[in-house]
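J.: Here the protein sequences come in this chain order: A and B. Take the first sequence: its letters are residues 1 to 320, numbered as in the numbering used here. Take the second sequence: its letters are residues 1001 to 1348, numbered as in the numbering used here.
Be careful, since some hints might not be right.
A partial selection of chain B residues facing chain A, derived with a Cβ cut-off under 7 Å [unchecked claim]:
1) S1021
2) R1023
3) D1072
4) E1238
5) A1243
6) K1245
7) P1294
8) G1334
I should point out that these hints are in silico values taken from the structure, not numbers from a laboratory. This one's a predicted model, so the numbers in the text were calculated from it and none came from an experiment. Beta carbons are placed, not taken as given, at the ideal position from N, Cα and C, and that holds for glycine.
For reference, the chains in residue letters:
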Amino acid sequence: MSAEPAGTTGARRAGASAADPIGTDPTGTDPNPEENDVTLAEASATASTGPEGGAVDAPGAPRLRTQGARLAYDRRVIAENLSVDIPDRSFTVIVGPNACGKSTLLRSLSRLLTPTAGTVTLDEKPLGGYAPKEAARVVGLLPQSSTAPDGITVADLVARGRYPHQGLFRQWTSTDEQAVERAMVATEVDALADRHVAELSGGQRQRVWAAMALAQETPILLLDEPTTFLDIAHQIELLDLFARLHRDGTTVVAVLHELNQAARYATHLIAMKAGEVVAEGPPSEIVTAELVEEVFGLACVVIPDPETGTPLVIPRASRD
Amino acid sequence: MSAATSAGAPETTTASPAPVSARERMRRRRRTVVLVLSVLLVVGFVLAICLGRYVLTPAEVVEAFVKLESFDHQVVVEWRLPRTLAAIAFGGALAASGAIFQTLSRNPLGSPDVIGFSTGAYTGALIAGIVLGNAVPVELGALVGGFVTAAVVYLLAYRRGIDGFRLIIVGVAVSGILSAVNVWIRLRAKAEVAMAAGAWGAGSLSLVDWARLVPAMIVIAILGVALIVLAPRLRQLELGDDAAKAHGVRVEPSRLALVAVGVALAAIATAVTGPIAFIALAAPQIAARLTRGPGIPLIPAALLGAVLLLAADQLAQNALPGVPVGVVTVCVGGGYLIWLLVREARRR
C-alpha cells in the first residue's frame, strides 16, 4: 500500500525531535513553522487521498499488532499467546462476551497494560520502546471513564488532548487551537465550547470526551466501549462520527457490546472468547449463526441488514 | 493564549454570539484573581514591615536599611523582615502542597495537615531536635518525618491504587497517633527544651531568623520550579489515569514526583514554623472558588496561602499578643474543617 511508508516514516521521525513531531524535515525549504507542523493524522490523511492511495477501504498492512502477548492483571491471566493485527485504515471492532478479554486487549494496544510476555508493536517497534508522548501522537484512546475537573469548560477540556503535542518549551500555538476547533466541529460540540462540562447531558459529555481524543490528532484511535450508557440515538450518532473519521483516513479500533452495531460499522471484526480470537475478518464473511452460537452461546439466525446489507443477528425466540 | 483564541475566532461560525466568550471571561477572572492577590500581598508586606507595637513610616523603613547600627534596623531587618518573608514563603508552600494533594486525592480533605504529613514532619523535627539533641538538623528530621509518614499512609491506604477517601481516613488516624507521639516526646524532654518545642508545636513564626529562613526559602524556590515543570502533568492526572496515560504521561513516576514535591513543601514549612494547620486545607479550596476552576489552580492557591498566613500572623502579633499564629489558623480553620467533614459525610 502506497500510503504505508509515509505513515511509517512519520512515526519514526517523531522520535527525532520531541519538540516538533514531524515538521523537522532538514531538507524542507519552507521556513514557515506552521506549514511544516503537520500532525501525523493530517499526514496520513493526505497520503490516503494521494494519487495512488485512493483505496481507503482496502485495509493496509498493520501498524499496530500484538504478538504472542500474555495479558494479565497481577497474577490473573486474561489472555495467553494472543496475536492480533489491526489492519491499517480499518474500522476494527472487537466483540465477545463479558470478561472475554476484549477491553484488556484494547488496554494493551493503548499502553495502559504492558504484556507480561510477548509484545505489542507499533510500526514493528515495541510500544514500550517509544517515548510516551511520541506514542501518544500516533495512538489515541477514548477511555471507558474519565473525570472532568470541577468548573472546566468544554473547550478547555478538549484542549487537554493536545498534551502530547506540547513540551516544556513548546507551549500553546495556533496549531493546537485549530486542532481543538476541528475536533469540536467534528463532534458537533463547538456550540457548547463555553459551557461547563458538568452541566451537559450524558450524550453531550461523551461527545466532548471524544473531541478530546480527536484533538490528539492521532492516525490510530482506540475506543473502549464508547457507547455504553448512551441511548440508542446517541449511540448511532457517535458511531456515525467514528465512521466518518474512518472514512477520512483514521484507523479506528473499538470495543463494542452490540453485535449488530459492530457488524454494521466494522470493516474488520475480531470475535474473542476466553482470551482467544475465535474469528476475524470482514463482518459479512465471518458473522454466521454458528459463530454467534460458539462465541456468545446464543441461538440465532443471521439475515442481511435491510439498511446496509451487513449481517444482522436475530436471537431465536425462546422455546419455553 | 488570547492571541491564539482570537486567531481561531473567525472560523467558529457557530460560536456564541457574545463578543467575549465565557472561556475568555474565565481567563480574565483568573488573571484578575492573581492580580488582586498579588496587590494584597504587596500591601500586606508593607503593612507587616511598618506596623507593630513600634510603628514605622515607609520612609523610616527605607532609612532603617541604610542605618546599620540603629534600633530601627534591628526591628526591620532582623525581626520583621524575616518573619514577614517567612509568612509569605511558608503560606505559599503550604497552600501549594495542599493544592497538589487535594488534586491527586480528588478530595478537599486530602491536604497534608489533615492526612498527617505535617504532623509526621513535626514528629521528625521533634526527634531530631529533642531525642537526638540537634545532632541532626531539624529541617532534615522534618523532611524524613514527612516522607516516612507519607509512605506509611500511602502503604496503609493502598489497595489496587489509591482511593482518595481511604487515604484521608488512614491519614486522619495516623495523624492522631503521631500527635500523641509528639506530646509524649515533649513530656519526656527537659523543661526548657519542651517549652520552646511547645510554642513551636502550635505553629509559630516568632522563632524565625535569617539563618533558618534563607535555606528554607532556597529549598522552597527549587520546589516551586519543580512544581511549575510538573504542573501540566498534574492537570493531566486530574482527567483520570487512563486519559493521562493515553495522552503520554508517565502516570506513576509523575504522581510520585508530585507527592515528593508536596511532602517536601509541607515538611520544610513545618520544620521552621511547627505545624501550621488550615492554610494547606483552605487556601486551595478558596482559590478554586475565587477562580471558579478548572480544578484547583496552583498559582492563585499559593498566592492566597501567602496572603492568609501573613494576615493570620499579623492578627496573632497585633491583636492577640502572645498567641502563636498556628492557634489563630486552627481556630479559624477548625470551623471550616467541621463544615467540610459534615458536607463530605452527607455526600456519602
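J.: Hint numbers the structure violates, sorted upward?
T.: Hint check: 3, 8 fail, others pass.
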